[in-house]
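Dock chain P against chain B, hints included.
In order, the protein sequences belong to chains B and P.
Each residue of the first sequence is one higher than the one before, starting from 125 at the first, in the numbering used here.
Each residue of the second sequence is one higher than the one before, starting from 19 at the first, in the numbering used here.
Just so you know, not all the hints are guaranteed correct.
[Unchecked claim] Derived list of chain B stretches under chain P, where covered just means 3 residues or more per stretch with a C-beta under 8 Å from a C-beta of chain P:
1. 219–228
2. 350–356
3. 360–372
4. 463–469
5. 527–541
These are calculated hints, taken from the structure and not from any lab test.
Each residue gets a CB set at the ideal place from its N, CA and C atoms; glycine is no exception.
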Amino acid sequence: MELVRISTAGSVDDGKSTLIGRLLFDNNALTKEQEELIDQKTREKGADDLELSVITDGLVAEREQGITIDVAHIYFSTDTHKFIIADSPGHVEYTRNMVTGASTAETSIILIDSRKGLLEQSFRHFYISHLLRMEKVIFCVNKMDLVDYDEDRFIEIAVQIKEMVSKIGDDIDFDIVPISSLKGDNVVHKSGQMSWYGGKTLNELLHLNKSKINLNKAKYEQSFRFDVQQVYHTHREGFQDFRGFAGRVKSGTLSVGDKIITLPSKKESTVKEIRRFTDQLNTANAGDSVIISLTDEIDISRGSLIAKLNEQPEELKEFDATLVWMDDNSARVGSKLILKAGATESLLKIQKINYSVDTSNLEKDENASTIELNDIVSTNLKLSKPVYLDNYEDNKRNGVFILIDPQTNSTVAVGFKS
Amino acid sequence: MENRHLYELENESIYILREVAAQFKKPVLLFSGGKDSIVMARLAQKAFYPSKIPFSFMHIDTGHNFPETIEFRDKLMKELGVDLIVRYVQDSINENKVQEETGKYASRNALQTVTLLDAIEEFSFDVCLGGARRDEEKSRAKERIFSVRDDFGQWDYKKQRPEPFQELNGKIQFGENVRAFPISNWTEEDIWTYILQEGLELPSVYFAHKRKLVKRDGALIAHSDYLNIVDTDEIVEGLVRFRTVGDMTCTAAFLSEADTVKKVLHENMASKHSERGARIDDKRSESALEDRKKGGYF
Numbered sequence: 125m126e127l128v129r130i131s132t133a134g135s136v137d138d139g140k141s142t143l144i145g146r147l148l149f150d151n152n153a154l155t156k157e158q159e160e161l162i163d164q165k166t167r168e169k170g171a172d173d174l175e176l177s178v179i180t181d182g183l184v185a186e187r188e189q190g191i192t193i194d195v196a197h198i199y200f201s202t203d204t205h206k207f208i209i210a211d212s213p214g215h216v217e218y219t220r221n222m223v224t225g226a227s228t229a230e231t232s233i234i235l236i237d238s239r240k241g242l243l244e245q246s247f248r249h250f251y252i253s254h255l256l257r258m259e260k261v262i263f264c265v266n267k268m269d270l271v272d273y274d275e276d277r278f279i280e281i282a283v284q285i286k287e288m289v290s291k292i293g294d295d296i297d298f299d300i301v302p303i304s305s306l307k308g309d310n311v312v313h314k315s316g317q318m319s320w321y322g323g324k325t326l327n328e329l330l331h332l333n334k335s336k337i338n339l340n341k342a343k344y345e346q347s348f349r350f351d352v353q354q355v356y357h358t359h360r361e362g363f364q365d366f367r368g369f370a371g372r373v374k375s376g377t378l379s380v381g382d383k384i385i386t387l388p389s390k391k392e393s394t395v396k397e398i399r400r401f402t403d404q405l406n407t408a409n410a411g412d413s414v415i416i417s418l419t420d421e422i423d424i425s426r427g428s429l430i431a432k433l434n435e436q437p438e439e440l441k442e443f444d445a446t447l448v449w450m451d452d453n454s455a456r457v458g459s460k461l462i463l464k465a466g467a468t469e470s471l472l473k474i475q476k477i478n479y480s481v482d483t484s485n486l487e488k489d490e491n492a493s494t495i496e497l498n499d500i501v502s503t504n505l506k507l508s509k510p511v512y513l514d515n516y517e518d519n520k521r522n523g524v525f526i527l528i529d530p531q532t533n534s535t536v537a538v539g540f541k542s
Numbered sequence: 019m020e021n022r023h024l025y026e027l028e029n030e031s032i033y034i035l036r037e038v039a040a041q042f043k044k045p046v047l048l049f050s051g052g053k054d055s056i057v058m059a060r061l062a063q064k065a066f067y068p069s070k071i072p073f074s075f076m077h078i079d080t081g082h083n084f085p086e087t088i089e090f091r092d093k094l095m096k097e098l099g100v101d102l103i104v105r106y107v108q109d110s111i112n113e114n115k116v117q118e119e120t121g122k123y124a125s126r127n128a129l130q131t132v133t134l135l136d137a138i139e140e141f142s143f144d145v146c147l148g149g150a151r152r153d154e155e156k157s158r159a160k161e162r163i164f165s166v167r168d169d170f171g172q173w174d175y176k177k178q179r180p181e182p183f184q185e186l187n188g189k190i191q192f193g194e195n196v197r198a199f200p201i202s203n204w205t206e207e208d209i210w211t212y213i214l215q216e217g218l219e220l221p222s223v224y225f226a227h228k229r230k231l232v233k234r235d236g237a238l239i240a241h242s243d244y245l246n247i248v249d250t251d252e253i254v255e256g257l258v259r260f261r262t263v264g265d266m267t268c269t270a271a272f273l274s275e276a277d278t279v280k281k282v283l284h285e286n287m288a289s290k291h292s293e294r295g296a297r298i299d300d301k302r303s304e305s306a307l308e309d310r311k312k313g314g315y316f
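This is chain B alone, in the form it adopts within the complex (with noise of 0.2 Å):
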């Protein structure tokens, strides 16, 4: 079974939540109980359609409301396929919870009504996924049976994307689907009403596990990564003086035999095993959970960097990045606040606000003094100690980092190595 990962944006009424009725009913995949669930609310509301919206609302307040607050996970399975979908409102109140639902996700859906065409959240819902370096991206344009199902209105609204799309960022993969969630319309069910359209429905297309082979080909490739979470030292039987670095692989792939060297320490070493619980492993992955332990007796603690010798990261005690910003409290220039990326910590100023971006139009704001909730701006950064990122053009894992108030704790913003 392949694991696939799906993160939703949509605006509040754009059927969202239908989708993804729909998308586990026609797969077969809701439980007694939620079909159930969706019986009853149908008769309540005496609706001719299945009221399919009603097994993602999850909180007290998002039904008393009818949108979505927080973002939910659904899980659901086909034969060949597991899927985690992250569903995350739409609206510009809640772009932090756009970030993060798409951060653990490959492929995002944005939903489009056909009656309205691009609004100023598909330019942030697609901005945020282009940021953040989607796999694949899924336009559906939704409400299809709305416009009668009309060729030509489909065609005016995919040259809105396209445009869309070669203005943020024509660098990611994107498809286009013409919809209707409410009538079951190229979700599972290839429609009866758009003959015109001979492409994939949106099922087709997330079963597609080419990206994700591509990406995790991608992954492997990459530069060796790897932070320390913690060292284990044991004297149990059949492990005298056992010291080992335990961590997960952020990208790249190590031997043993592999030659390396720790940052910040800068110490030079070799892998002498892998392990992964009884397993002695030849190779680790990125993704994989694993203990490493070296020729060499060398001084490494939690938040140090594993690398191979001739692939090091550059040392960073000041650099660019794009934040997203994620709280309620605003920042400035001269904020204080506490980097963290994996195991790594340090204390870090915001030194300049390049600019800030409006989504709904791309322009930038040279001006911008003040980092307010949602806001995603182009800074320079300066820290108390030197960090190992990547660009998070050229390595996700290593080129990301959340910042941390530290005065409340919160997790202000998500940044992004430019």
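What follows is chain P alone, placed relative to chain B:
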């Protein structure tokens, strides 16, 4: 690899367990003896091997558990070599901190919260590891991996910390503590498939067995001294198993002949019913679990 997705989930859970051990001073793993906590124990073993699991386990014992689960719990703790702390809801009742519910549907499930919060204070635990999964229930679907609780153990969804790229922020103020959920992204099917793959043992109540039962509102409940039996209840005997194992008073049994992990896995998936359907206390209202969580329930 057939179970490639399980390998990915296991990597993720091990990463989370290690972050918990590294970021906090005094973690504890909440262990109920149910299948999810048994999987958690296995993951902890894998995360820290060849070192020992660096924290204690704790069971909040309602006193209404299946005896089979308690027996199993003690055996497993011995095998793993971890310390088990047990705190009893009965003690909280005796100290007049909580009131025993009365009537036909009396359950001690909600009472656990008080005993749990007291134990957190007694031992100064700053993080409790739990085996909750997001697929279990709709308010769980919105839970973070690190969930910060205030002095009163309360959950406020508005104050949840974003966790982009699974960057986990465990910084807390004195008095606050965190509930950490390493198997957030596992589904019930994943749990059973993993139990099969790892050859894990489970308490016998998970498999088909003959049992004396009480038939009530169309559900089958284990016959026990803890259940307030009323006139309309019917006492029957049947071949059953339990799909989730909570208190004897609030977990419903299924008629089943599935006596192996493989058969249980197959039968669960074919049934299409959700496992929380067997939790009688969740059916009290549409937001039963969310209400309990806000009050500090696990």
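Results of checking the hints against the structure:
Three residues within the 8 Å Cβ limit are the bar, and the segment 219–228 of chain B against chain P gives 6, so the coverage statement holds. Against chain P, the segment 350–356 of chain B contributes 3 residues with a C-beta closer than 8 Å to a partner C-beta. That satisfies the three-residue criterion, and the hint holds. Taking a C-beta to C-beta cut-off of 8 Å, the segment 360–372 of chain B contributes 8 residues in contact with chain P, enough for the three needed, and the coverage statement holds. Beta-carbon proximity to chain P at under 8 Å applies to 4 residues in the segment 463–469 of chain B; the threshold of 3 is reached and the given coverage holds.
Look at the segment 527–541 of chain B against chain P: 5 of its residues bring a Cβ nearer than 8 Å to a Cβ of that chain, three or more, so the hint holds.
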